[in-house]
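Protein chains: 2
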Amino acid sequence: MKILILGGDGYLGWPTSMDLAAKGHDVVSVDNYSRRTIAMQTSSEALINMPNLEERAKLFKDLSGKEIKVSIGDLRDFSFIENLIKDNAPDAVIHYAEQPSAPYSLRGYEEAHFTLKNNLEVTHNLIWAVLKNKPDCHIVKLGTMGEYGCPNIDIEEGWIEIDHKGRKDKFLFPRAAGSLYHTTKVLDTDLLWFYVRTYNLRVTDLMQGPVYGLSTKETDLDERLLPNFHYDDIFGTVVNRFLVQAVAGVPLTVYGKGGQVRGYLNLKDTLQCIDLALNNPAEKRELKIYNQLTETFSVNELADKVKQAGEKIGINVKIKSIPNPRKEPEEHYYNPIHTGLQKLGLDPHYMTLERLAEMMKVVVKHKDRIDSSKIFPRVKWS
Amino acid sequence: MKILILGGDGYLGWPTSMDLAAKGHDVVSVDNYSRRTIAMQTSSEALINMPNLEERAKLFKDLSGKEIKVSIGDLRDFSFIENLIKDNAPDAVIHYAEQPSAPYSLRGYEEAHFTLKNNLEVTHNLIWAVLKNKPDCHIVKLGTMGEYGCPNIDIEEGWIEIDHKGRKDKFLFPRAAGSLYHTTKVLDTDLLWFYVRTYNLRVTDLMQGPVYGLSTKETDLDERLLPNFHYDDIFGTVVNRFLVQAVAGVPLTVYGKGGQVRGYLNLKDTLQCIDLALNNPAEKRELKIYNQLTETFSVNELADKVKQAGEKIGINVKIKSIPNPRKEPEEHYYNPIHTGLQKLGLDPHYMTLERLAEMMKVVVKHKDRIDSSKIFPRVKWS
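Protein chains in written order, with this note's numbering: chain A, 175 to 556; chain B, 175 to 556.
A hint or two may mislead.
It does not matter which identical chain is meant; a pair holds if it fits inside one copy or across any two.
[To be verified] Below, computed lysine-lysine pairings styled on PhoX-like, alpha-carbon distance capped at 20 Å:
(1) Lys-306 / Lys-501
(2) Lys-541 / Lys-235
(3) Lys-501 / Lys-458
(4) Lys-442 / Lys-492
(5) Lys-554 / Lys-306
(6) Lys-391 / Lys-240
(7) Lys-308 / Lys-176
Simulated from the structure, these hints should not be mistaken for lab results.
Next comes chain A alone, as it looks inside the complex (with noise of 0.2 Å):
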């Protein structure tokens, strides 16, 4: 398949690039690298100074023989898009290519406003430019479990049948986000369904989990290959973040009760995912939508599980309650139905001690670049 990666420098970007190339795909990733600009302006850098998109496209031709073309521009500007779409004709595009943090998002109006016009502009100029230029071009969109907060009923995969005063009708599942990042694609999912039904558009939409991990076939080639690892505030999330604290030796830092329990996945699996979305694309005039995540844990858990992990490599970990500086509840109903990939044939990795001792023995490789300022709350919650 000819495959568009939008995004192809971000975390998951890099390794799907290399993955799908991997797989004898002709990829052409994309980016601005618009998260590295604003890592550099909020002091988040990434604890293994990664080389640029073009550089690390050229390592991996040089270590694996295959080509990841590689185009860098805005996606927000219409005429940039509309050539790729035209030149490369591809039958996938892969969108990640969105403003990612919730921090940020929340940071102020200057912040807030960048997220909420880059995330709908580049969504916006991808339908056209694949309506315009290429309209059976499967686009799969990279969304968030986050889209659907924490209802309290049983989260559905994207839709939900909805039986009221004796009449039945069919619903995207409500959505509520808990921050304006994940509120842009709760707008991106609203804005592709109704160009998916008006236009016939071929949309897969991937409810994701946060996702964990270092390890794929291909970044396992060099650590040059390696995608980000961001462990602050305002990029890491809270795996990252948990990993780091017990490598500096600072307290686990769980936000209030810690019951906040989310849907997770291990990066080899968000690999697979995307390779079942392509390989099972939607039809004209359909919008699939899958929950992608394997396993649910609190916060707690998870600090639980880093700290038995530290142990078993000789680290002492110590676990701490700060402030919650997000708006979220702390303890909640939480069960979302994830059996579409899974019946795709996703076969999941857990996360298991072992996966998180190996992610920590590379984040002790890097020690000396922690900065223990940046793994501290400095984005409050309005």
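Guided by the hints, dock chain B onto chain A, whose structure is given.
Chain B alone, transformed into the frame defined by chain A:
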């Protein structure tokens, strides 16, 4: 009350400005003439040439002694809207300031992208200007019944309690709009609800059906105070188009089967609803939603009413079905609940033949300005 009216030059904005000034409120009416500009660009000028907002405000002052302050500027410019809120410290803001045409929003990429950006950015700028400068200000936002689409279950007022697998929760009523313009209103609702529940905003969101009518206490003072009357396919609603077609002696153009049902209300009732919303404000962290309509009709029923109204004043009216340029169900279930505003005291002005005939008489006076080519659909849905 000190009240800002955003989109004060519009079909609703202008009568609202006069009504609230007449009631003794301190009114600032804001516009950038975006609708007038688009009307020129698409050859969709109103039937009657209207003075601009500053001229109308001056005329209204001369006739009534009541002042409407006018401010001209683009609300996508944050410093402009921030200064408006800072300088005026309003008790309430009525937000009508959006690109309001569904067909325009579907004309092509440029129009779609403008509609998305304009509508979302203005709403988001308003949210932040209020949060930063007058956080207890009550935002009264114009939504649309079109946000819901035509579901096969009763349309509750904004919210629905879902009973699912033995558990319950309350959600925004699921939305699935029929045009990109209407979809931007869905996105507005999502955005407002995020900021309401996270930042304690006070918002009332009015899900309004198509409004018809020219006469209010203030517009009756002088013909130059009438609201804009658009009859074209871009800005004209179905009622206006039918009235003008009747007067022009061309058959009323029913799109397809004509079984499309919507909820309508008279312009006088919009003014009542705004007044009720202002006097029953949302609390902090509350998003009040009302379904703002007084009666429902199918397109066929509307055509029959206009035909009968024509007969009353000696106009012979023909009705003709034409291919539907829109993608929409032409026969469907439609049962919107709309008791909220009635419970607050809304006293409806129903669509009588007399009211339609009165509107038709105004059209007759300007018959020489009718351009028949504008009455027929120029924009197809996808």
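To see whether the hints hold, each was checked on the structure:
1. Lys-306 / Lys-501: The answer is between: 19 Å across copies meets 20 Å, while 41 Å in one copy does not.
2. Lys-541 / Lys-235: Result: close neither inside a copy nor across copies, 29 Å intra and 72 Å inter.
3. Lys-501 / Lys-458: For Lys-501 and Lys-458, only the inter-copy Cα distance (16 Å) is at most 20 Å; the intra-copy one is 39 Å.
4. Lys-442 / Lys-492: neither (29 Å within a copy, 66 Å between copies)
5. Lys-554 / Lys-306: For Lys-554 and Lys-306, the Cα distance is within 20 Å only across copies (15 Å; inside one copy 42 Å).
6. Lys-391 / Lys-240: within (14 Å within a copy, 75 Å between copies)
7. Lys-308 / Lys-176: Intra 12 Å, inter 52 Å, cutoff 20 Å: intra-copy only.
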